[in-house]
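Work out the full structure, taking the sequences as your base and the hints as a guide.
Chains as they are written, first to last, in my numbering: chain L, 1 to 323; chain C, 1001 to 1249.
Hints in this document: simulated from the structure, not taken from any laboratory.
Glycine is no exception: its CB is placed at the ideal position from the N, C-alpha and C atoms.
Anything over 12 Å on all C-beta distances counts as not near chain C; from chain L, calculated: (1) Gly32; (2) Lys33; (3) Lys83; (4) Ala168.
Derived CB-CB ranges, DEER-like: (5) Val123/L <-> Pro1205/C: 21 to 31 Å; (6) Glu1056/C <-> Gly110/L: 27 to 37 Å; (7) Lys184/L <-> Ile1190/C: 34 to 44 Å; (8) Lys1105/C <-> Glu289/L: 50 to 60 Å; (9) Ser1213/C <-> Asp211/L: 44 to 54 Å; (10) Asp1012/C <-> Val123/L: 31 to 41 Å; (11) Pro243/L <-> Glu1228/C: 29 to 39 Å; (12) Thr1207/C <-> Gly125/L: 14 to 24 Å.
With a straight-line cut-off of 27 Å between C-alpha atoms, the simulated DSSO-like cross-links for lysine-lysine are: (13) Lys1226/C <-> Lys216/L; (14) Lys286/L <-> Lys1243/C; (15) Lys1107/C <-> Lys180/L; (16) Lys1107/C <-> Lys1072/C; (17) Lys279/L <-> Lys216/L; (18) Lys1086/C <-> Lys1018/C; (19) Lys294/L <-> Lys1032/C; (20) Lys184/L <-> Lys1144/C; (21) Lys1018/C <-> Lys294/L; (22) Lys279/L <-> Lys15/L; (23) Lys1188/C <-> Lys1050/C; (24) Lys1195/C <-> Lys1032/C; (25) Lys286/L <-> Lys253/L; (26) Lys279/L <-> Lys1016/C; (27) Lys1153/C <-> Lys9/L.
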Amino acid sequence: MILVFCELKDGQIRKPSAEALSEGRRLADATGKKLGALFAGASCAGSAEAAKYGADVILTAEAGSLASYSSDAFAAVLADAVKAKGATVLLAAATAVGKDVAPRAAARLGAGYASDVTGLSMVDGKLQAVRPVYAGKAFATTSFASAVQVATTRPNVFPAAEKAGAGAAETLSTPAGDFKSVVKEILAKASGKVDLSEANVIVSGGRGMKDGANFKILEELADAIGGVVGASRAAVDAGWGLPHSMQVGQTGKVVSPTLYIACGISGAIQHIAGMSGSKFIVAINKDPEAPIFKLADYGIVGDLFEVVPELTKAAKAMGIGSN
Amino acid sequence: MKILVALKQVPDTESKIKVAADGKSLDPADVKWITSPYDEYALEEAIRIKETKGAEVTALSVGGDSAKDVLKNALALGADTAVLLKGDGQGDAFAVAQMIAAYAKDKGFDLILCGNKGLGGDNAAMGPMLAELMGVAQANVIVKLELGEGTFKAEREIEGGSEIVEGALPAVITAQKGLNEPRYASLKGIMAAKKKTIEELEAAPVTAGAQVSALALPPERPAGRKLEGDAAAQAQALIQALKDEAKVF
Ligand SMILES: Cc1cc2nc3c(=O)[nH]c(=O)nc-3n(C[C@H](O)[C@H](O)[C@@H](O)COP(=O)(O)OP(=O)(O)OC[C@H]3O[C@@H](n4cnc5c(N)ncnc54)[C@H](O)[C@@H]3O)c2cc1C
Ligand SMILES: Cc1cc2nc3c(=O)[nH]c(=O)nc-3n(C[C@H](O)[C@H](O)[C@H](O)COP(=O)(O)OP(=O)(O)OC[C@H]3O[C@@H](n4cnc5c(N)ncnc54)[C@H](O)[C@@H]3O)c2cc1C
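Following this line, the structure appears as C-alpha cells:
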C-alpha cells in the first residue's frame, strides 16, 4: 500500500494534501498497489473527500488527545499506520506539519526520507525521488536503501487530479496522551491568505520598492490577480517592517508558483535560488542589465512605480479576478 | 544545563554549483565552505542561554577534517568544547542523526540545538530524526525560545503565522532566522579558542536510509522577451501575454 498523510482545514482536504494524494494514486497505479489516505485529529470529518482523489481506503485516527498537533504523537500515528497496513511508501505534503512529522515518522520506521520532492517515480518497485538541492541550483535524484520509503511533496508542483476511489473507511487506534510536546496556541496573521510556499501567483518587491509603505501597490496588484506578496532579503532586512516569512530565496522561502513577478529585484544568486522553479517569471526593473532579466519570460524595463499600477489597472480592465 | 549544538559545513550561498565527474556529487573546486546559516542561530541561542542561565555548550559536526573550521569558529564564539564525528560524508540526514544519537545517548544533554535545515542538502530532517532516535521532544523552525524548569516554550513559524509549542526537556530545537542576531567572534574569543582542542571521534557505523544517485543542473530557461512601449502599453501587453500565451489567468 501507498499511504498518504492528509491534512484537513475547515473540514476540507488542504490543497497540498490533495496534490500528494493524487501523486500517490499515480504511483499506486504504476505498481498495482492500493492507495490509503491517513487522517489524524480530534475530528476527521471531511476525510471522505479523499475518495475523490483516488483513495481506496480512508484511515482515520480520531481522538481528543490529537486535537492539538504534537510531533511525537502524530509521528507515532503515521508509523503505526504504515506498520498496520504493511505500507512501503509514506507520503505527506511538504507543509509546516508535513515537514515536521514525516522525518520523525521515517526515523521511527528506520526509513530513508526525501523532503520537498518535485518528482516521484517507481523504479523496480521502489520509490525514486527528484528534489531540489542548493535551493534549486541543482536537482538530486534520491533512491532508497530502506524497505519503507518516506517523502514529502512540494506544494504547487503535483497536479491535484480527481479520480474516484472506493474510499472504504477504517479507524485506527490512537496514542494515549502524555506527549513530549504539543501545540498550545496558533498565532495567525490576520490576512488569511495562502502562504507563499503554496501560492499560485506571487508578486515580490525588492530594494527598488524604496520603502515598506510602497508595498501597498504590490498588494493591490496581487489582489487583482489572485496572488500574494513576497520580498527579497534586501527588502526584509531594510527595516521596513516586513516579516522574514515574506523572504524568498536561499535563506528564505523556496517557492514554485505558476507566476512570479519580481519588482525592483536585481536577481542575486540567493534570490534566484528561491524562485527559479516558478513556471513563468516576470521582471520589472529600471536597469535593462539587471541579471533578473536573464531568467524572465517577460521583461519590462521601466519604473515600477509607473508600471505596477498600470498592471493592476489592465488586469482589472481585462476582468482577471482572484482565483 | 548541558547543550549540544549540531553544526554543518556547507557551500557558501554565492557558490555556483557544478556537478562532479561521478555525476552525483558536488564538484568542490572553487567552493568556499561556511557554517550553515541556520546553525549560526542555533549556536548563538546556546551561547545566550549560557550567558543568562549558565550552561555547558558542546559544538558538534559530522564530517571530514575541513569541518574543524566550523568547530574552531564555534569555540571562538563561546562553545566550551567541540567534537568532530568523522564520517565518510556519504550519509544522508538519517545516517547523521544516527551518528549524533549514538554520541549523545549517555551524555545527558538537556537541549540539542540544530539549524532548521542544512543549506544545500535542504532536507530539514536531521533534527526531527535525532529527536525520534533519542526519544525526546522536538520543535522545528523556531523564532523564539523560552526555557522553564525541565520544560520549553517555543514559537514556530507555520504557514500564515506562527504557533506556540510547549514540551519537556530534553528536546531537539531547530532554529530559524529571527531567533536571534548572531554575534561575530571577538579577538579574545579567537585567541582563547586556539588553546582549546577539538575532540575527534570515529562516527558510529550506521546504515543510510537514502542516497543521491544523480545530481543535475536545472534545465536552461528559454530566452524571454522584453515588452515595449510606455508603462500602460507594457502593462497591457504583459497581462494579455500572461492570459493568451502563458495561460496563467
Ligand atoms: C548535492 C547533495 C545532495 C544531497 N541530497 C540528499 C538527498 O536527496 N537525500 C539525502 O538523504 N541526503 C542528501 N544529501 C546528503 C545530506 O546533505 C547530508 O548527508 C546530511 O547531513 C543531511 O544534510 P542536510 O543539510 O540536508 O540536513 P538537514 O536535515 O537539512 O539539517 C538540519 C540540521 O541538522 C544538523 N546537521 C545536518 N548535517 C549535519 C552534519 N553533518 N554535522 C552536524 N550537524 C548536521 C544541522 O544543525 C542542520 O542545520 C545530499 C548531499 C549533497 C551534497
Ligand atoms: C548568506 C546570504 C544569504 C542570502 N539569502 C537571500 C535570500 O534568501 N533572498 C534574497 O532575496 N537575497 C538573499 N541574499 C541577498 C542577496 O545577495 C542580495 O543582496 C539581495 O537579493 C538583493 O535584493 P534586491 O534585488 O531587492 O536589491 P538590489 O540588488 O539592490 O536590487 C534592487 C533593484 O531594484 C531596481 N530598481 C530600483 N528602483 C527601481 C524602480 N523605481 N523601478 C524599477 N526597478 C528599480 C534596481 O535597478 C535594482 O536592480 C543573501 C545573501 C547572503 C550573503
